[in-house]
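Residue numbers (the working numbering), protein chains in the order written: chain A, 1 to 301; chain B, 1 to 167.
These are computed hints drawn from the structure, not numbers from a lab.
Owing to the predicted nature of the structure, the values given are computational and were not obtained by experimental measurement.
Please note that the accuracy of each hint is not assured.
What the hints assert, rightly or not - In silico lysine-lysine, DSS-like type, Cα no more than 30 Å apart, as pairs:
#, chain 1, residue 1, chain 2, residue 2
1, B, 84, A, 204
2, A, 71, A, 98
3, B, 154, A, 71
4, A, 226, A, 250
5, B, 9, A, 71
6, A, 138, A, 277
7, A, 70, A, 128
8, A, 173, A, 138
9, A, 204, B, 113
10, A, 215, A, 226
11, A, 140, A, 71
12, A, 138, A, 128
13, A, 140, A, 298
14, A, 128, B, 84
15, A, 226, B, 154
16, B, 84, A, 173
17, A, 215, B, 84
18, A, 204, A, 250
19, A, 70, B, 9
20, A, 258, A, 140
21, A, 128, A, 226
22, A, 250, A, 298
23, B, 9, A, 98
24, A, 258, A, 289
25, A, 289, A, 250
26, A, 277, A, 289
27, A, 71, B, 13
28, B, 9, B, 84
29, A, 250, A, 140
30, B, 84, A, 98
31, A, 277, A, 258
32, A, 70, B, 13
33, A, 204, A, 258
34, A, 289, A, 215
35, B, 113, A, 70
36, B, 84, B, 154
37, A, 289, A, 173
38, A, 128, A, 140
39, B, 113, B, 154
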Amino acid sequence: MEFCLFLGCNTPAVRPDVEKAIRVSMDELGVDLVDADNYVCCPAFGSFPSTDEDSWLATSGWNLSIAEGKKRDILVQCGSCYSSLRMGREHIMHSDEKRQRVNELLEPTGRTVCGSSRVRHVSEVLYKEITPARIAEKVKISLEGLHGVVQYPCHTLYPSEVVGFEDSPREPKGMRQLVEALGATVDGYSRELQCCGGAGGFMKSTPEQAIEFAKTKFDSILEETKADFIAVSCITCLMHMENVQNTLNKRVGEERYKIPVFDYNQLLALCLGKEQKQVSAICNVSRDKVHQFIANAKVAA
Amino acid sequence: MNPQTEANKDLWKAIYNTGDLQHCFNCSTCISGCPASFGDPPLLVRNLARKVMYGLEEALFEDDTPWACVSCSRCEEMCPMDVKPFEMILHIRQWQASNDETRVPPSIVEIYKRGYTQAVGTNVETRQALGLDPLPIITNNPEQLAMFREMLMKTPVIAANDYMFGG
Ligand code: SF4
Ligand code: SF4
Ligand code: SF4
Ligand code: SF4
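Make the full structure from the sequences, and use the hints.
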């Protein structure tokens, strides 16, 4: 298997340990990655998609053309990048008029776009191509004894017609099965499918309400599960779900919200025996307990 | 842009010219479960659809709530009439931004200047410590960056607001 890796902005700039985790796990699982050279922002929905269709689709076309040139599908981790690239491709593929216009804009740059490269989310590739069963065979360290909860990136669920890969978008199973493949017990909770609320303008325009909104999710996790960690698969979910816990603690005046948040690829890399200081180096909510658990299991193994 | 008090019956054509919106029957499914519907003021997708359909141009022009959308696309999934409410929100933003330069998001200036919303590539030491190679980013490739900018120059938002982009 081979892909063109599209990292977006936040992962390489703010959480490069997630990038490292993706690179080493994919390598170990036999997936060949080449970088999307000279890629640009996906574009994020709050940028060109909010101003006009030409700049939106030309930017999508610029990125898609890089992968098409390499004759590879694109691999993405960030939920927004995934959804933006998927939607951009959908528009370009399904309207001759739009495709012509984008190619007209791309032409002086020596690029073309036809839609030959698909856009794949890393959790889809792990779930549908590599499969939880193979992951379970490959891992050297088991999380058996730990409880986790999962956060489905809504950008990989909705609209299922455009972005979906789950058998049922109303009842997704991918993240659960992927975490179970690492040996952990996954606890369900009533707000499992609730968005973290971290993307777009919600936090910016009404932060108070956005924090309250996230609180309902965390309260549901605390009341209904024994979560030792939260597994996400989107850089925005990762950063937001950490930051909000710290904000909430300041509000309530105690350390009530302290569940470590991991990108799934980080847990995977750790269970494959990779160096914690490289694949899980940066966090805003302490991961010590989980790291310690893994270090002990490593010694035992 | 001249906001007017009477309804503009053709507003939907200027904003969201698809047949999709005609099918909206006001059910509010798009509001239930929308994260930004918990905001203050709340983002009420159904009401935005009404404003577009009824041609309430002035009210819609002043409305900030489309910008609170988190882009989760839940409304798009759940709408029983396939109105594609998230696409409608993007189109309302586009209409506002193309008629009011103060709505143009600063992030597009960043993307125009360096290719990204974040300063990708400046965390050299952190990346080295993690054993990561430098990324082949466009910020470090003047020739490609120039081509990218020239391409964007031909698009409406940049052509109309070129002073924001340093020329
Ligand atoms: S969605 Fe976010 S992370 Fe992805 S490329 Fe755009 S701005 Fe960067
Ligand atoms: S949960 Fe929030 S941040 Fe995560 S994918 Fe959904 S909208 Fe994006
Ligand atoms: S896409 Fe926007 S409007 Fe639709 S449910 Fe999500 S936040 Fe609400
Ligand atoms: S869910 Fe669809 S049909 Fe119902 S009010 Fe919203 S846009 Fe209209």
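Hints and how they fare:
| no. | hint | verdict |
| --- | --- | --- |
| 1 | 84(B) with 204(A) | holds (24 Å) |
| 2 | 71(A) with 98(A) | holds (22 Å) |
| 3 | 154(B) with 71(A) | holds (28 Å) |
| 4 | 226(A) with 250(A) | holds (23 Å) |
| 5 | 9(B) with 71(A) | violated (47 Å) |
| 6 | 138(A) with 277(A) | holds (21 Å) |
| 7 | 70(A) with 128(A) | holds (23 Å) |
| 8 | 173(A) with 138(A) | holds (20 Å) |
| 9 | 204(A) with 113(B) | holds (23 Å) |
| 10 | 215(A) with 226(A) | holds (17 Å) |
| 11 | 140(A) with 71(A) | violated (33 Å) |
| 12 | 138(A) with 128(A) | holds (16 Å) |
| 13 | 140(A) with 298(A) | holds (8 Å) |
| 14 | 128(A) with 84(B) | holds (27 Å) |
| 15 | 226(A) with 154(B) | violated (55 Å) |
| 16 | 84(B) with 173(A) | holds (25 Å) |
| 17 | 215(A) with 84(B) | holds (29 Å) |
| 18 | 204(A) with 250(A) | holds (19 Å) |
| 19 | 70(A) with 9(B) | violated (48 Å) |
| 20 | 258(A) with 140(A) | holds (27 Å) |
| 21 | 128(A) with 226(A) | holds (28 Å) |
| 22 | 250(A) with 298(A) | violated (35 Å) |
| 23 | 9(B) with 98(A) | holds (27 Å) |
| 24 | 258(A) with 289(A) | holds (11 Å) |
| 25 | 289(A) with 250(A) | holds (22 Å) |
| 26 | 277(A) with 289(A) | holds (15 Å) |
| 27 | 71(A) with 13(B) | violated (39 Å) |
| 28 | 9(B) with 84(B) | holds (21 Å) |
| 29 | 250(A) with 140(A) | violated (38 Å) |
| 30 | 84(B) with 98(A) | holds (18 Å) |
| 31 | 277(A) with 258(A) | holds (21 Å) |
| 32 | 70(A) with 13(B) | violated (40 Å) |
| 33 | 204(A) with 258(A) | holds (23 Å) |
| 34 | 289(A) with 215(A) | holds (23 Å) |
| 35 | 113(B) with 70(A) | holds (26 Å) |
| 36 | 84(B) with 154(B) | holds (28 Å) |
| 37 | 289(A) with 173(A) | holds (26 Å) |
| 38 | 128(A) with 140(A) | holds (21 Å) |
| 39 | 113(B) with 154(B) | holds (15 Å) |
In this structure, the earlier hints numbered 5, 11, 15, 19, 22, 27, 29 and 32 are contradicted, and the remaining ones agree with it.
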